[in-house]
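Participant: Chains A and B supply the protein sequences, listed in that same order.
The opening residue of the first sequence carries number 1 in this note's numbering; numbering runs sequentially from there.
The opening residue of the second sequence carries number 1 in this note's numbering; numbering runs sequentially from there.
I should point out that these hints are in silico values taken from the structure, not numbers from a laboratory.
Glycine included, C-beta positions come from ideal geometry on N, C-alpha and C.
It is possible that some hints are incorrect.
Label-pair ranges, simulated between beta-carbon atoms [as the list claims (entries may be wrong)]:
# : chain 1 : residue 1 : chain 2 : residue 2 : range
1 : A       : V399      : B       : M176      : 49 to 59 Å
2 : A       : A223      : B       : E87       : 52 to 62 Å
3 : A       : R369      : B       : K234      : 53 to 63 Å
4 : A       : S76       : B       : A51       : 52 to 62 Å
Which residues of chain B face chain A? A partial, calculated answer using Cβ under 7 Å [to be verified]:
# : residue
5 : L75
6 : S293
7 : I351
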Amino acid sequence: MADQPDPLRTDPLDSVELVLPRAGSLAPVRAARPLRPFSPEVLGFVDDLGRRLRSDPALRPFPELVALGFWARRASVERLRARFEGAWPGAVRMPRGLAFHVAPANVDTIFVYSLLLSMLAGNRNIVRISSRARPQGDQLLTCLAAAVEAAAPAVGTSFAIIRYPHDDGITAALSAAADIRVVWGGDASVAAIRRAPLGPFGTELVFPDRWSLAVFDAAAVAAAPDLPGLARRFVNDSLWFGQNACSSPRALVWVGDEGAREAASRAFWAAVEAESDAAGIEWADAHAVAKLVGACLEAIGGGVVQLPTPSNRITVLRAERLSGLGHHPPAGDGFFLEYRVDSLAELAPHVARNWQTLVAHGIPAEAWRAFLASHMPHGIDRIVPPGAALDFDALWDGVDLLTALTRLVDLRV
Amino acid sequence: MSEATDIPGSRIEAFLEAPVFGLPAAEKRALLDAELAALTAHHRASCPAYAAILETTGHTAPADSRNAPFLPVTLFKLHDLLSVPREAVFKTMTSSGTTGQAPSRIFLDAGTAALQTRVLARIMAEFIGTRRLPMLVIDHPSVVKDRRSFSARGAGILGMMTFGRAHRFALRDDGMAIDWDALEAFAEANRGQSVLAFGFTFMVWKHFLEPLAKAGRRLPFDDAILVHSGGWKKLEAEAVSNERFRAEALARGGFARVHNFYGMVEQTGSVFVECEQGRLHAPVFADIRVRDSRTWAEVPHGTPGIVQVLSVLPRSYPGHSLLTEDMGVITGEDDCACGRLGRTFRILGRIPRAEVRGCSDTFAAPAPALADG
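Pulled out of the complex, with its shape left as it was, chain B reads as follows (with noise of 0.2 Å):
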């Protein structure tokens, strides 16, 4: 944890010492400020790129998390942005990408890694306990065979099967049907208790829940846990809401306690995690703005807006406050009935694309050819 430490003003074990989500908003404010403001300056002198941003954009006083100045997670995939020397990169994390897009890619030295495990430890204790169940993969086992290539897809599933035990995967490597050898032995074993199971929103709905349905078949489990990510994109294609979700994975799976969780391979560790509430929780490591794209102002709690992301993880790449990609509102500040504090909301979806008009077919990709670079 040294790198981690390193970073003067950083006060990063206040944070592993604070309660998850115990802190009232002015405290979790007081600390969180500082931190970013720690790391902005650490990223502005560490990191070139990200110096001649701030510098470019006019943001040269002193950060707090209201005004923390972020970056676009786009920018990950179209530049190396990296806060440590290559020498110090212990591994790169990259991110599917969208169809035609460059993959983000994330440089993780070691310090930042070992922060992103053990935050990650904390904030799903808070909803699956701290006792190691026996852990349910929906996905094909392949998935997480290379380690050496660590896609967001097999690092996920790689990163929470360590809150498990006796891991079986649902899905088979050919084609993703149901195992269902594998599923009766893991579901003999397990009669009547307690399990844990991950996987990706669409592919458990896909590949899981529908065929369970179809085959007319229900698991033995009680009071298991379900936790999935990855978004509800294709599935609201097919008008699959959350509730729908929920209902079929007690239906078809016994999976009384449904966990949704929002994150990004530009930020592992720091997640948003779905309580028993349906809402999505800030732990005390990270936070969430709602902008106004026409002037990038804090929109008032309810109001719709680009969601912000701010997690006190990132310290080998500049990646503690992004802009997202995604739409959201914010649903509350330490008011949610599950009792947890901390800024919750809900995901609303993708930025819907822009259409593009003019005489040529091929402005939408140029390489950008750099002033003076």
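Bound conformation, chain A alone (with noise of 0.2 Å):
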């Protein structure tokens, strides 16, 4: 390769804006070493990064800071560094080299996680983020700030930020020099950023729309133990990013027969009313009308009923047929369509692409293995329990991120 014109030298890039490092160029993140998989200096600084999310006061209003701390703790890297490491024991694991990561337009604080993992993996990075400002993004880019200045001078080259407006030459200039491309922000972005070639060696991680929903036992709910803390799970799960996070629950299927379902139902969404309400979830007016907008929407499309709850904090209507089982609803912030199926196998025929995160109550993991095996979905990534549809882990969207973004070589002499 070291005949070919660096792509990164051509013109395009003068006009890019480095975040960060502050005053900095991109040419030492061009010009660095990769880093060993699991360096002392990134674990350092994850590790840093991680102590700053959890402790600044500042970053109490952003929760999913707080939880990307949480993420970041030495004994949670730790714990993928063992499963990471065990999986081809053998083998030499070796960063790609250059990653180009591109942000979701609201600075959604996801892309982070991809960052990190391609920085404990060894590989360089440049990260392309939105220009709309928003105030968790800021507050972000501070930590990331603060700890890269504090890190060992390794950490200081091996990742860059940069915004730069719609500029095709840009992207294709950092598309041919990635070895891999990391891009976040739906169906559109991906489209978009897909217009751009990568080079022969290039390779691609993409975060294209998703669509989650949660299936639960509908006996396993009526008689289960703590229906509040079941309620304050599922609460979690959706309303937490207003159910627009790709892995938040918009549907919810029950698993039994219609007495059951009946009986799961009343008393299920009234606990969620009520706990979304105790959450201190920000209500906006704006919300209450996109939901009767899209309780009409629902209407006249045919085949449901709404069901009555005390207050606008969630809308819930009820589908009389399966056939619309995974149609994006057209409003989120506690908008919900219920279906029942009287078995799992009923569901598989529904299943697209595009499921990712399944909640599930009630159902044992066997059943989940069965259901898989028997009938091979094309969807479905996750099947996570109440509570932890937001928690983000290095196994997402149905790839090992780490290995995604190393090689391996097979080592047998």
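Both chains are given apart, each in its own frame, so use the hints to dock them into the complex.
Facilitator: Printed below as a string of structure tokens:
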């Protein structure tokens, strides 16, 4: 590759705005050597960043940043490492090289997980963030800047955060130079970035639009010893990001007969209503109107009945048939469609590729194993208990991210 | 008017015969409740989408004006809603809509359109009288040139133009600057007399009152009337209050009588006009409710909430009870110093947009794929 011109030296990149490192340039990142996976420098940086995110009082309003801080704890990173190193004990793990990350436009913090994983993998990283500023994005950048300043010099040259307006030339140059491209932001963003070709050895991780749901055993919910606790965990899964996180459930499928469903549904939604009120999630008038519009649109589509709820905190529509299962509902912020099946098998024909997280209660792992093995559904990447929908893991969207961010040298001599 | 009177139980003649601002609350309520219930039954029978909404959301009992099920106005941007066969549609009104949004599409049959015209005339007469005054349109002439495309703005101006005579347009087609020649001629012809002027609130301020002030000009009218509409949002951003607007209209144009009105393309005709006391008034044909977004319960007078508008005019589309995108507050009922009866209210602005957070950039605008649709 030495005789080829470095695509990063072409003009388009002169116009990018460097957000981090402050007052630096892209040159050191481009020139830096990759680090070993789980290098002490990066481990120290991740640990320090996590501590800052957990302890900074300015971050209290942004629980997703605090959650990121917990994920970055030394113990949890060590668990990742053990899993990573245990997979191919004979082979040697190497970073891929240069990673080009495209963060979602709303500076959601989720892209930081893939950035930190890529740093732990030893890659050099260039992260494009959007120009749309948001408070939690600023707080995050402030924490990152402070952690980089305190970190070993090798960390400072292992990533840069940039901003640039829509410019296909810059995206093309970064894509051509990247060994791996990581694209957040959904279908539209993936389609837009894919117009820029990768180099022959370039590979990519993409995060298109996803759809998530909950599947609860009706009898188990009706008999739940701690229904408020179950409801609280469901509220955390769904309402934290107004149901707009890709892993937030949009629909709830009851498994059970009509009688069991009726009892479970009545008790459960009442508990969800109460818990969402108690959770202190910000109320917006616009949400109530959007849910009313959503209910009207679903009504026009037909086959649904709205269940009575004491307030507009949540809107629940019961669908008479399964045929609509998986459609993107017209509203979020506490807008749920409810379905019923007699058995899990009934669900199988409806599973689509974009199904990501399935929040399950009252259905044991063996039942899910059997379901997956016998029906081989095209979608579903995660099956998690209530309360865990938003927990990011290095196994995400069906991909072991650390494995994807590294390559394996097959050493057999 | 046959379509308008064909609705079982409708007593629209009683509204047209009643004083526009003269019915005490209890009397108005009785008349309105019965008419709205008749309209709900009519639209339920004639508009399958409306019937499906009522069915789904559980409104099966006869509705009165207190619980007349309301549709969010946004729905007219997302779905064609008609209570007449398409062949009966006489014209389709569209709103300009917020940037990036589809416009509202409102389907009028001849009966509803005629009713709108009659009712608007009845209401405006209460504020500007029945004599047609020379009229200045504070807009540019081409806004009403194409009469087949009824944008809300063009239709609003055409509707208002019927209340004046000898019309002149105050602005130029190119760049919205004041057409000084036209304005001079109009001013000369009507020196010292009353005239009627109409324009959209922001245009009147930005392209008429402000340039007049900058040029140091004062128009020579006496006891002139300025009617304006369209919302304060843009002017609030410039910190222009209603009081300042009125003062400037008087100082620059001799407009001693300034009437803002609140109305929407989804309920053309039954407008809410601002009286001499600065309150917006519900005429006999319409009413206003203010609701709590948490439960949709009505809030007490004086408490802000989301504005619901009721109108007895919409017959060809189910628009007789609508939840607007505006926040407002009821300021009284049958107690305005101007002497007009009915509810009065103030509009506080648009419902604030909610912040959207999540993993994906594009979740805000997915085409709703409907269940079983």
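Participant: If a hint holds in the structure, say so; if it doesn't, say that too.
Facilitator: Now the hints, each set against the structure:
Between V399/A and M176/B, the C-beta spacing of about 56 Å keeps the proposed range 49 to 59 Å intact. A beta carbon spacing of about 58 Å between A223/A and E87/B agrees with the range 52 to 62 Å that was offered as a hint. With their beta carbons about 60 Å apart, R369/A and K234/B fall inside the hinted range of 53 to 63 Å. Distance hint check for S76/A and A51/B: the Cβ-Cβ separation is about 55 Å, which falls inside the suggested range of 52 to 62 Å.
This hint holds: L75/B has a C-beta 5 Å from the nearest C-beta of chain A, less than the 7 Å allowed. Here the hint on S293/B is kept, as its CB sits about 4 Å from the closest CB of chain A, short of 7 Å. Annotation: I351/B was flagged as interfacial toward chain A, and the flag holds, the nearest CB pair being 5 Å apart, inside 7 Å.
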